Every structure is written in structure tokens, then in C-alpha cells.
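K.L.:
Here is what each chain is made of, one letter per residue.
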Amino acid sequence: MVPLSYYLVLSGILFVCGVLGFLIKRNIITIFMSIELMLNGVNLSFVAFAAQWHALSGQVFVFFVMVVAAAEAAVGLAIIIAVYRTRETLNVDRVNLLKL
Amino acid sequence: MTPNPYLWLLPILPLAGAAINGFLGRHSSKKSITAIALVFSGAAFVMALILAAGFSSAAAPYYFDLAHWIRAGSFQVDYSFYLDQLSLVMLLVVTGVGFLIHIYTVGYMWDDDGYYRFMSYLNLFMFFMLTLVLARNYLVMFIGWEGVGLASYLLVGFWFVKDSAASAGKKAFIVTRIGDFGFLIALFLMVKHFGTLDFTQVFAAVHVLPSETGGAGLLTAIGLLLMVGAAGKSAQIPLYVWLPDAMEGPTPVSALIHAATMVTAGVYMVARSSAIFDRAPMAMMVVAIIGTLTALFAATIGIAQTDIKKVLAYSTVSQLGYMFMACGVGAFSAGIFHLMTHAFFKGLLFLAAGSVIHGIGGEQDMRKMGGLRVYMPVTFITMSIATFTITGFPPLAAYFSKDEILWKAYSSPQGSWVYWLIGVITAFLTSFYMFRLWFLTFFGDYRGAPAAQDVNHPASDAHALHAAHESHGHGEPHESPWVMLGPLVVLAVLSFVGGWIGIGGRFEHFLAPVFQGGMGTELSHESAGESASAVTETLLMLISVAAAVLGFLLAWALYLRRPQLPARIAAKLGGLYQAVLHKYYIDELYAALFVKPLIDGSTTILWHGIDQGGIDAAVNDSADAARHISDSLRHMQSGNLRSYAGWVAAGGAAVIAYMVWMGIR
Numbered sequence: 872m873v874p875l876s877y878y879l880v881l882s883g884i885l886f887v888c889g890v891l892g893f894l895i896k897r898n899i900i901t902i903f904m905s906i907e908l909m910l911n912g913v914n915l916s917f918v919a920f921a922a923q924w925h926a927l928s929g930q931v932f933v934f935f936v937m938v939v940a941a942a943e944a945a946v947g948l949a950i951i952i953a954v955y956r957t958r959e960t961l962n963v964d965r966v967n968l969l970k971l
Numbered sequence: 079m080t081p082n083p084y085l086w087l088l089p090i091l092p093l094a095g096a097a098i099n100g101f102l103g104r105h106s107s108k109k110s111i112t113a114i115a116l117v118f119s120g121a122a123f124v125m126a127l128i129l130a131a132g133f134s135s136a137a138a139p140y141y142f143d144l145a146h147w148i149r150a151g152s153f154q155v156d157y158s159f160y161l162d163q164l165s166l167v168m169l170l171v172v173t174g175v176g177f178l179i180h181i182y183t184v185g186y187m188w189d190d191d192g193y194y195r196f197m198s199y200l201n202l203f204m205f206f207m208l209t210l211v212l213a214r215n216y217l218v219m220f221i222g223w224e225g226v227g228l229a230s231y232l233l234v235g236f237w238f239v240k241d242s243a244a245s246a247g248k249k250a251f252i253v254t255r256i257g258d259f260g261f262l263i264a265l266f267l268m269v270k271h272f273g274t275l276d277f278t279q280v281f282a283a284v285h286v287l288p289s290e291t292g293g294a295g296l297l298t299a300i301g302l303l304l305m306v307g308a309a310g311k312s313a314q315i316p317l318y319v320w321l322p323d324a325m326e327g328p329t330p331v332s333a334l335i336h337a338a339t340m341v342t343a344g345v346y347m348v349a350r351s352s353a354i355f356d357r358a359p360m361a362m363m364v365v366a367i368i369g370t371l372t373a374l375f376a377a378t379i380g381i382a383q384t385d386i387k388k389v390l391a392y393s394t395v396s397q398l399g400y401m402f403m404a405c406g407v408g409a410f411s412a413g414i415f416h417l418m419t420h421a422f423f424k425g426l427l428f429l430a431a432g433s434v435i436h437g438i439g440g441e442q443d444m445r446k447m448g449g450l451r452v453y454m455p456v457t458f459i460t461m462s463i464a465t466f467t468i469t470g471f472p473p474l475a476a477y478f479s480k481d482e483i484l485w486k487a488y489s490s491p492q493g494s495w496v497y498w499l500i501g502v503i504t505a506f507l508t509s510f511y512m513f514r515l516w517f518l519t520f521f522g523d524y525r526g527a528p529a530a531q532d533v534n535h536p537a538s539d540a541h542a543l544h545a546a547h548e549s550h551g552h553g554e555p556h557e558s559p560w561v562m563l564g565p566l567v568v569l570a571v572l573s574f575v576g577g578w579i580g581i582g583g584r585f586e587h588f589l590a591p592v593f594q595g596g597m598g599t600e601l602s603h604e605s606a607g608e609s610a611s612a613v614t615e616t617l618l619m620l621i622s623v624a625a626a627v628l629g630f631l632l633a634w635a636l637y638l639r640r641p642q643l644p645a646r647i648a649a650k651l652g653g654l655y656q657a658v659l660h661k662y663y664i665d666e667l668y669a670a671l672f673v674k675p676l677i678d679g680s681t682t683i684l685w686h687g688i689d690q691g692g693i694d695a696a697v698n699d700s701a702d703a704a705r706h707i708s709d710s711l712r713h714m715q716s717g718n719l720r721s722y723a724g725w726v727a728a729g730g731a732a733v734i735a736y737m738v739w740m741g742i743r
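Protein sequences appear in the order of chains H and X. When we follow my numbering, the leftmost residue of the first sequence carries the number 872, and every step to the right adds one. When we follow my numbering, the leftmost residue of the second sequence carries the number 79, and every step to the right adds one.
Chain X extracted, bound-state conformation (with noise of 0.2 angstroms):
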């Protein structure tokens, strides 16, 4: 444990960038909005640099408590912030890809008019995400992810006078919401066990306790609350609903929060937590089990959907269904390591979308595109990586950190050929719908509208909101400003080379003095690292390459040679594409299940029954009561001198009368 005074500097950073930004944005000028919150996120990511420059893991953790917190008895909370191994990729993953999010932003925000509100949100967004990342207790993680929520509802909502858009925000605040009630109840189970709820405590704490291989237990139930929490923060059944529908958000949002960043939250709290979980086989066991399902599930929804961020938001959730997976085996380190490259990949799929969404006036609706290489060549190069990349051809980035993920559900000791099978499957559906994407988009001819009706064209993105500022019409596809191309660029070489710092267990050997605490699993693995494994290793590894490669024929068979037959494949599917089309009306289910009693039961028993009947009309009652009281004894005060003495021997007469009847002397 070594101090380190700098520690604290890094959130504040965007911290006072969202505050300048907030405060006097509105009457400043955009291009001193733009260098505020570009110097202060900038900042934060050299400070960021700077620590991995600094960092040395004999001396890790780092640690630097900022002031004091909760004090009640023996309980106590700080304010302190806490750099490890994990903690130091998080921090470079969310600064750089943030950073580079932030000059994309530049191009794509520029025409708006609540350009300062949307710069000042992502900053608070880098703000909270800082703290969450670099929390040295399990509190001041809770405000981060508390905070990344907010941010994620301001900025999904940006666009608020789009119904849509609007609702969009509800939802993922309060469905998230749902998952951070079972986090508080993990947190209440730390504190009332273990008295504490800093991390090296709480784990040191855990590692006196038996591993809870019978039933369930006290770490079970941490575990799978805490599974809660990262199911509704990361988007994993059943709570992934929110994240398909915070597409409405700018599209910039969509990269930074709903991809790179804050969706990881959950994976990251979960590999945080190892040591509880090594204890827990059971909760690790339902980890695995959703992580897996998540992923198949979202990635054949994937496969139907027409709007280009849809498919890009499932695709999203099935990458953190893979990510998952691999905690849920005991596979912290390949978890983290596809979190990384997929903030590399996922960001630039947003991101070149955004900048094709951009170069055609807002269109998001792929059967209108096509055909735009010509029209976009950079746009198009940096997209075609980052599709390979997701998709797993080697030398790129995921097809590491995939590959790391798969042979670890096969071969960990939690593992099952069961995980790897179906991981192998979504594999092959994900390089379906990727490349569906890229031949839909980039090949064949454009399909969108002819020229000069797409400025006031009803696009169901909300760029159409800013389309009439536009000074140059959207007549012909064009190429997006190279402030919005740079970062394109910058998450295209990442995507390339990203994964090479996993190459020979380099990464998991730089993360393994997090996860080694209760951690049989990882270093037993790799002591029987056996020829025989090596084999087996190989061969999975050509199986998940040749399904990539299968789903790349079976796109480019159906979307490029022959484009009419996908219509006729979904006809003869008839109501199976129908569900897939519809999500598998899970929006509907939870619709009819929750929803729809809840407004009902608030409706007519909480607001008709008890606040109207109950709360108003005792205010009312009482209200109206006194009124007919005071009503009648207005009239006593008549202003009449004889009146009031009449009352005064009245009310004389009335007390001898009591007194004379009470046989008072």
C-alpha cells in the first residue's frame, strides 16, 4: 500500500470542467465550451497516463484518502480513492476512449443548441465514472455508479422534447435502478457481517470464511445481489431492456456510456468482487449462466434488426453477456480484457455509425443505406476493422480477448463445453449480423432518399432535431469533418493492436495480483498447462475463426449476392422472425407483467384510492370543516358592543350555571 496525493485530482478534473461548463456555458462562447471540456477531459487523461507511467506493481495498490466520511462506532467510510492493476486499466480505458469521444463530440454536437449542456453532462459522466473506477470502498463506488446512472439519464434524455427520447431516459434510470437495489442490499449484508465495506477489508474479511460449496450461504447471497446490481448497470437478462432503447440518446452517448464505459460497470464491480465470488461457486455458477444467455439472446435479436444503432446496442449486450461469462468461470482477467478491447472496438463501431448516421442527414434505418464506401472511404476503412475486429479474425483485437474468454468457459474447472458451445454460436451470430451491417451499409448501391427532401425528412433519429440548422444540405452522403474522423482513426489502431498485450498471458499476469486472493482457479489453470491442452486450444480456437468466417459468407451469401432472398427467408420463418423482429416481445411481456399493474395498482389504490380518498380528502374534510365552523362563529364578532356583552353574560350566566349544577361553593 503506498500514498498517493494525486489520486484525487483525477476525477476532479472533469469535475470542475462539467461545473465551468454547466454554470457559465450558456452565455460563453461554443469554441471556449469546447476547449474547457476538451482541456479538462484531456487533463484527466494524462494524469491517467502519468500514474501508468508511474505505477510500479510491487507498489500497488496506490492509495489516497481525501477526507473523512461516515463515522459511527467501529463503522467507518472515507472518501479514498484506491489504483490497483484493474483499477489502472479501467482508468486508461475511461479517459482515453472518453477523451477521444469528447473531440468526436466537437463535429457531432456542434449545430446543436444545448451544445454546453451536452458538453458539461459528458464531463460529469468522465466525473462519475472516475470515482466509481477508482473507489476504495464499496460507498464511494456506489456514488460513481449512482452518478453514471444520473449522467446516463441526462444524457439519453438530451433530447428531451422527443417523447421518446424522454421515456428513454425513464427507463433506463428506473430499470438500472431496479439492479442497484440489490447492490444497496449486498452493501447493507457487507456492513452488517463484515462491518465494513472497504474493498481490502471486506475481502480479508471473506478469505477467513469457508468456500460455500454446499448450498447457499452468506456469500451467495452477496454474490447474486450483487449479480442484481451488475445485471441492471451492464445490461444482462432480465434487465437488459433499457439499453436498446437508449439509442434515442446523440450518438456520441451511445459510444462513450452504452458501450466503452459505463456498461462495464457491472463487469468491472463483479471482477472487483472475485474474492467474494471464489467463495460463492453457486452465484458464480448464475453469473456464468446469465453472462451466456445474454449473449445468445441478444445476439439473435441482433440478427433482424434494421436500425443501425439497434443492432449495435444488442451486439453491445451480448459482448457483456461474453464478458460474463468469462467472470463467471473464474475468467476475471479475460473479462477485463475483452471490457478493454470491446471499449476499443464497440466505441469506433458507435462512433463511425454516428459518423454515417451524420453524413447522411440523420437516417439510422439500414435499408436506406448502402453502397456508402464511395462516399465515406474513412469512415468506411475504420468500420470494416472494427467489424473484423468483433467479429474475431486474427491478429485483432477481440479475436484475443474472445478467444481468451472461450478457452476459459471450456477449460477453467467452472467451466463446461456447454458455455463454450453456445459462446461459439453467438461468435458465428455476432460475425452474421456484423457483416449484415457492413454489406447493408457500405455495399450495393445507396438506397436512401434523393436529394433536397432530407432536411425536413421525419428520421427517426434525433439528428433530425438539428438537421434544419444545418447550413449544407444532406443531397448526397458525404464524408464527416476530420475532428470527428481523428478518433475514428485513433480506436481503428487500437482495435488492431489492442489485443497484442494479451499475446502470451502478459495482461492476466499484470492482473493477477488482483484476482489472486481466493484464486485457485486461474494459477491452477495455467500450471497444468499441459501439451494436450495446447491442442485443444488450437482446435477450439479454429472452430470460433471458422464460425466467424461461416458468418461472414452466410452476410455477404444473403446481403451482397443475392439481396432479395433475406425477404424470402423470413417469410417461410414466418412467426419465428416475428418474435426475433419484435425482440421476443419481451418489451410487451414486461409491458402486460410490470408495468401495467404497477400504473394500475398506483392508479386506482395509491392515487384514487389512498392519496385522493385517503391524504386529500382528510385535508379537504378538515379544511372544509373549518371553514363551516369558522363560518358560524364569524357572526359572534359583530362589532356590536351590546352583542359582544350580551355574550359576556351569557357565557357568565352559562359558568353559575355549571356551578350551581355542579354543587360547586
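If we strip away everything but chain H, and leave its shape as in the complex, we get (with noise of 0.2 angstroms):
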């Protein structure tokens, strides 16, 4: 049996790439999948709770994230669409119109 500290490692390694990614990268899509890292780090650290503790609702709880994730990746991705076709650059940095 695996020990939990090492899937709880592994989930935050998981989520601080998420974020490193998040912060550095400046493509729109990039960040949109550090995005979806962060949340599958966070998935892995509520089954393996709920595998160790023996409770169904961690489990639960991924699906929903699961399914709020791919409505959000929908939604994103026709935002990231809508700005290209606006924009035409997917730079986060160029995107600053509501900068004063």
C-alpha cells in the first residue's frame, strides 16, 4: 500500500506546476491547462483521501470537479476564440485593455 504523504506530494507538485505555469507561461492556452493541472492536483489529493479514509464523498467531489472542468473548458475555449478573433495574439500581456 502506497502511503498517503506520497500521493499528497505528488498533488502538490501537481498544483505548484499548475501555478509556476500560470505565472510564467503567456500563452492563453497554456495557462488554461496549468489551470486544469492545478485542479487534477487537487483530484488526486481528495481520492487519496477518500481511498484512505474509506469515504465515497472525496470521490464524489472529483466528479463534480471533473464536470465543472469540462463546462469551464467549453466556456474557455470560446473565449480564447472570441479574443483571438478580436485580438489576433493569444499574449495575456497585449491583453490589457482594462489597464487604466
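No lab work stands behind these hints: they were computed from the structure. Predicted, not measured: the structure shown is a model, and the values here were computed from it.
Have a look at the derived ranges for each label pair, beta carbon to beta carbon:
#1 H:Glu907 / X:His713: 30 to 38 angstroms
#2 H:Asn967 / X:Ala732: 24 to 32 angstroms
#3 H:Leu891 / X:Asn698: 40 to 48 angstroms
#4 H:Ala941 / X:Asn698: 56 to 64 angstroms
#5 H:Thr960 / X:Gln690: 51 to 59 angstroms
#6 H:Val873 / X:Ala732: 27 to 35 angstroms
#7 H:Thr960 / X:Ala732: 30 to 38 angstroms
#8 X:His713 / H:Val936: 31 to 39 angstroms
#9 X:Ile688 / H:Lys896: 58 to 66 angstroms
#10 H:Val887 / X:Asp689: 53 to 61 angstroms
No residue lacks a Cβ here, since even glycine has one placed at the ideal position from N, Cα and C.
Mind docking these for me? Both chains are given alone in their own frames, and the hints should help you get the complex.
P.N.:
Take a look at the structure:
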């Protein structure tokens, strides 16, 4: 049996990878993928805890997250396409019209 | 007590005139301004006459409650008016002399740009003065009291572009405020101990108390504080310094406010409070001493002044001193009697002086006048009547009133021969400086500047300000127009005959119900009217007339027969003459004692210290700090999406670190 801490460390690594990717990358699609990475990092800790404590609620939560993530992906990708059509770029640093 | 529903109209009439002229006057013609000012002040006079005609001593006092004002538990003050014998006398003086001076003003101020403003202020003054006189309680009286101070400030500083006039206005206001402070504390004491400010109720409460013969008590304190207020308003030692400076105002103002009416408000207030003073002998004594000293002191200063209005100003201070002397020895009706005659003759003196100043193009220095009786005969005759009146020649008005005061100062239980002696000396000095003025102005040769230079003459009088507008040059002294001379003639007649109503004690009997309060003094004196005292009275009367004649002769000898003599005497007296000439350096003393420390203290401690160092510094520093902090925080909001995300991540990390650190699960 793999100890819980291994899962949690891996989950943390995934999450931090996601955060760093989100902060460093300029391409919106990459940022989007980093968000997915963070979500899945969290999912991993959910299922790990669920297995450890024999509680199903963790797994149910993961399903919810997946559903939301799928919906978010649909909406997000649509927004990205719309942004690209109007701005002709996917560089977030140049999508800054709200700045003063 | 009889209600009289017309009382409130009296003050309201001039107020309406002031409002109309004040708000609309700028764009109306001078004729309509004149009409409004005269109609409303004249209507007040007519109202006063009607009230006087319907006045019956049996029904008095009349009253009218206009409106509720303060209702706090058992303490209540209403906006209500009150008319008894005392207020009736004041009423007639204020509206009568006031109306005459309004007429005079038409001639005197016609060429001034601020004509409408002046007329409006005059009417406003009438309103406040009538409020003061007609008040039924001390608080309404205080409204009028402050209001006339305001009007005085506005009118003294009427030519406000002149620095001296503006500061004279401020001086008049601030110095009288010091007195008002005492008055106000007296009112607080009354509220605390009697729970009311209504005249009748306060006096009823006072009657229950015993006379404070032994030492100082509540009534003495109230009396002294009231006297502080009266000293401020009526220019008595030590607060008289504002009145001479107030002569910066136009001459009608000097006549109306600073001679005939406002400055006598203190006397009126003390007389009104006679019930309180009656039971506080020490306060009475202080009143008498202050009055006596002021009379003498101001008269000596008047001797050396060269400005015609300044002489009259010191004379006013001196005459007010007489009135307080009378009040201080319990002869309130004598004080009010002199107040009335003084209003006539001093108003006349000022108006005549104004006519002289007007006639020679704004010159106020008596050394540059002379021989004017040829040029302005009507002014000369009226002024002569006033001069002989004030010096106490029989049978003119002040002969009766001043004599009454001197006799009471000698004979009343609180009186003493010292008061009488100083009073007679003052009468002599009065006679001397008044005839000095008279001879210098009207006799000898005209010593003024020759023709044509006068228009741009840098005269000390503010008259010079509008001298430029005058169509007629001031080549030669000329008589004033009849609109100015008319009031002079009327006042001259009043100065002549005004004292006759006091013959046989009729005036005193008329006022007696007002002062009957705790009044053993005046009545007991009457019952003690033995033949011996009648002889003494005649003797004292002769002495005071002799003093007046002596003053006349001395002035005649010095200023008409041998005009070079005064300069030699002045040189011989040296230091003493200089001291008198500089008004005993009182202004300088006050400046060094009070004004300078106040200014220095305010500058270093209050201004630089507390205001700049404390309040301003706190505000500025906190503003600076806010600016600096926000300047650095501003950079957080860069508009860069990833930096926002970074802050979110950093924040999340900080929260997690905190929770781990604190061991929260």
C-alpha cells in the first residue's frame, strides 16, 4: 500500500507546477492547461484521502470537479477563440484594455 | 399690566426699511432710498408719539408677547416687549433724535457712493436700539444690545477702505465685547439663581432678598457684572478707549450712535436694573466711583484735543460719567433725565460739528477753523445754544439735569461731597473745553487753507473720500443746506426747553413707579426736603453755574483775547501737557499690556505653535503618509494579469503558511 504522503506530495507538485505555469506562461492556452493541472492536482489529493479514509464523498467531489472543469473548458475555449478573433493574439500581456 | 398689541410694530418698522434699502437699494434711485429710510424711521417716531399720547401711568406697564422663544422646563424666555415710563422716555429719545438724524443724513451723505448702505444701516440700528429699549426680559435686551454693537461696527467702519476706519470699527466692537462678556455672565447668574430673565420676575425675586450691606454677595456680583457690560457699551473707565476712535465714522453716526442713543444704553440698563443695584450698595458705590472718575478723566483729555469730533467724543464720555454718577448714588431718574437732555444737546453738537466739517471741505482740525460764525450763521446759533446748554447755563436743558445730578450726588444717602466736588470741577473743565471749541471754531479769523487746494486736501476726515464727488468746490466756507439745518434747529429748540419738564421734580415723579422697587432713597430724600437743604441746594447750584462762567471766561481769555497764550502755557507745562495731549498714553498702555501680549501669544503659541505645529502638521503629515503609502501600493495594480495572479497565489500561500504556523486544522 502506497502511503498517503506520497500521493499528497505528488498532488502538491502538480499543483505548484500548475501555479508556476499559470504565472510564467504568456499563452492563454498554456495558462488554461495550467489551471487544469491545478484542478487535477487537487483531484488527486481528494481521491487519495477518499481511499485512505474509505469515504466516498471525496470521489464524488472529484466527479463534480471534472464536470465543472469540462464545462469550463468549453466556455474557456470559446472565450479564447473570441479573443483571438478580435485581438489576433493569444499573449495575455497584450490583452490589457482594462488597465488604466 | 396692560397688553398693547401695537408694541411690536415699533422695532419692525425700521427693520423693514433696513431690509428694503439693504436688499434693493443698490439699484434704486437715491430719492426712493431717501423716501423709504425716512418713511420707516418717521413712522416709528409717529408710533412712539401715539403710544406716548395713549400712555397712562395707571395702566403702565404695557406689554406684548410676540412669540415663544426658549422653553426649557420651568425656564422660559419669550420674544416680548415691555413699555413703562422708563422705556417710553428712551423710546421718544431714540425715535425722535433718530428721525432728525435720518433727515440730516440725507444732506450729509447724499454724495457718498454707499448712500443706500448707510441708510440701511441707520434703520438697522434703529431696529436694534428699539429692541433693546422695549425688551421685556434681559435676553431680548441682549439681542438689541449686541445688535446696536453690530450696527455701530458697520457704521464706524463705513468708509472701510480707509485703514483707520476699519480698525476703529473693530476696536469699537471688540472692546464692547469685553463688556458684553460681563453682561452675559450676569445673565447666567440670574438664570441660575432666579430661574428667569423676565424683568418683573427677576426684580420680584430680588425684592425678597435682603440688602447686601455687609459684604459682597450674589446681587453685588450681578450688579458689578452688569456694570462691566455698561462700562463697555457706555464707554466708561476702563473700557472707554473705543469711543474716541469711533469718530472715524461719518458724523451722523457719531451723533446718533456715539452720543445720543447707543452709548446711553449702559445707563438705561443700569437704571432698568435699579432693583438689583438698590440691594447691592457696594456695586452702587463702584458705579458712582467709575462714573465720577470717568467724568473728570475724560474732561481733562478733552481740553487738549484739536480734532473737533474728538473733543466732543471725550465730552460724551465725560457726560456719560455724570449719568453713572447719578445712578451710583441712587438718583436713577436724574441719570435718565441727563441722558435725555444729553441726547438733545450732544446730538446737536455733533450735527453742528458735522455741518462745520461739511462746510469747510472735510477739515476737522480746530486750529484750521475760526471765524466761521460769519459764513454759517445758522450752524453758529444752534451750536452756541448747544454749547451753553452742555456747560449748564440756566435756563437751558443741561442746567436742570446736571444740577439735579450734582445735588443728588451731594445729598443722597449714598452720595458724598467728594462726588459733588469732582462733579463741579468737571463742570468747570467741560465749560472750558466747550468754549475753547466754540471760540476756536467760530471766532477770530478763518485759518483754513486758501481756496482751490481743498478738494484734494489730505484731510483726516473720511469726508475727503467723497469730497472729490462734490460739484461745489470748497473755496470758501459755506452754510449747509436746509435739510441739514432743519434738524439742527429742532434739536436746538429741544436743547433749550428740554430741561423744563424737570422743573418741580415732574420728570422724577413720572419715572418714580419704575424705580420705586426697593427705593428708599429717592423718596426719603423728598420727604426730607427741609428748608435748610433748599438753601444748600441753591448754594450748590450757584457754585456750579459759577464754575461754568469761570470756564467760559478762561476760554475767552485764552483763545479769543490772547490766542498766543495757550501755546506758552502748554510749553511751560511740558510733560503734563504732553500726557494730556496723548490721552495719558492709555491707548499705548493698553497696547503694551493687553494687545501686544495677545498678538505675540497668538502668533507664537496659537498660530505657529498649535495651529501650524499641531493641527496643520497633523493634517499635512497624515495626508503625506497616505500619499506615500498609496504611491507604493499603486504599483500593485499594474493591469498585468499574471501579476494579479501572482498576488493571489502569494496571498494563498501566506494564508496557508499562517494556518500551518498556528497549527490550525
